[in-house]
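S.K.: Chains as they are written, first to last, in the numbering used here: chain W, 3 to 116; chain G, 5 to 116.
Just to be clear, a hint being listed does not mean it is correct.
Taking beta-carbon pairs under 10 Å as the criterion, some of the chain W residues facing chain G (in silico) [stated by the list, open to error]: (1) 3; (2) 18; (3) 19; (4) 35; (5) 96.
Quick look at which bits of chain G chain W covers, simulated, 3 or more residues with Cβ under 8 Å [what the hints assert, rightly or not]: (6) 81-91; (7) 105-114.
The set of hints was computed from the structure by calculation and includes no laboratory data. Where is the CB? At the ideal position from N, CA and C, for every residue including glycine.
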Amino acid sequence: SAVISQKPSRDICQRGTSLTIQCQVDSQVTMMFWYRQQPGQSLTLIATANQGSEATYESGFVIDKFPISRPNLTFSTLTVSNMSPEDSSIYLCSVPAGGAYGYTFGSGTRLTVV
Amino acid sequence: EDQVTQSPEALRLQEGESSSLNCSYTVSGLRGLFWYRQDPGKGPEFLFTLYSAGEEKEKERLKATLTKKESFLHITAPKPEDSATYLCAVQAQHNQGGKLIFGQGTELSVKP
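Input sequences plus hints: build the corresponding full structure.
M.R.: Below, the structure written as structure tokens:
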């Protein structure tokens with residue numbers, strides 16, 4: 003299955019600033035997914051990123067707050083914009099693993115906004 | 005609305021003490037149910053996919069089962085290295101795009 007390299011692993015940011023998270027996959031994939039895991043909560047899908055088209059956002063998430071780029075079939079970025087303490091979460095990218103192997107996840111980015 | 009509920013929220017076991025984790029789900033047509041293990045500071049690690057009621061999958065000390073309303077993750081004679089948070093997720097038939105709905109997880113602690 004695919005291997006995902008996610009950066010940064012953690013960051014502490016000032017409110018009002020933006021952070022861009024990167025995910026690099028070692029193979030070409032059509033879909034990439036971005037999830038958020040708030041403290042004590044389950045993983046929630048933010049958006050689906052397809053190469054060559056606009057990302058599809060889930061209810062409650064908007065492009066102005068979470069712009070996504072997908073320049074090719076192995077790379078994607080998620081930006082968390084104009085951050086507030088409520089954005090403190092773990093952000094994860096995911097790709098299909100193929101067959102019955104579900105989905106592979108990156109190691110996550112632990113974001114703290116102060 | 006598609007929904008996943010896991011119980012218990014936390015489970016403490018002694019090494020060798022077998023138990024089960026529960027995942028109850030409500031979904032309009034099940035495409036697949038997934039079990040993941042998540043260690044602190046890491047992303048979820050895939051364990052199993054189940055597709056239809058009656059299906060079972062095993063891996064070392066873990067066995068996952070599926071009915072039309074719930075799934076169980078049975079842990080036989082657990083070891084301290086089995087300590088982790090176990091996540092259950094479902095994918096609905098109507099969701100062609102790969103969206104997973106996750107439960108909140110069960111935090112398992114196995115003491116030696």
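S.K.: For each hint, tell me whether it holds in the structure or not.
M.R.: Hints, one by one, checked against the model:
no. : hint    : verdict
1   : 3       : 8 Å, holds
2   : 18      : 27 Å, violated
3   : 19      : 23 Å, violated
4   : 35      : 6 Å, holds
5   : 96      : 8 Å, holds
6   : 81-91   : violated (count 1)
7   : 105-114 : holds (count 4)
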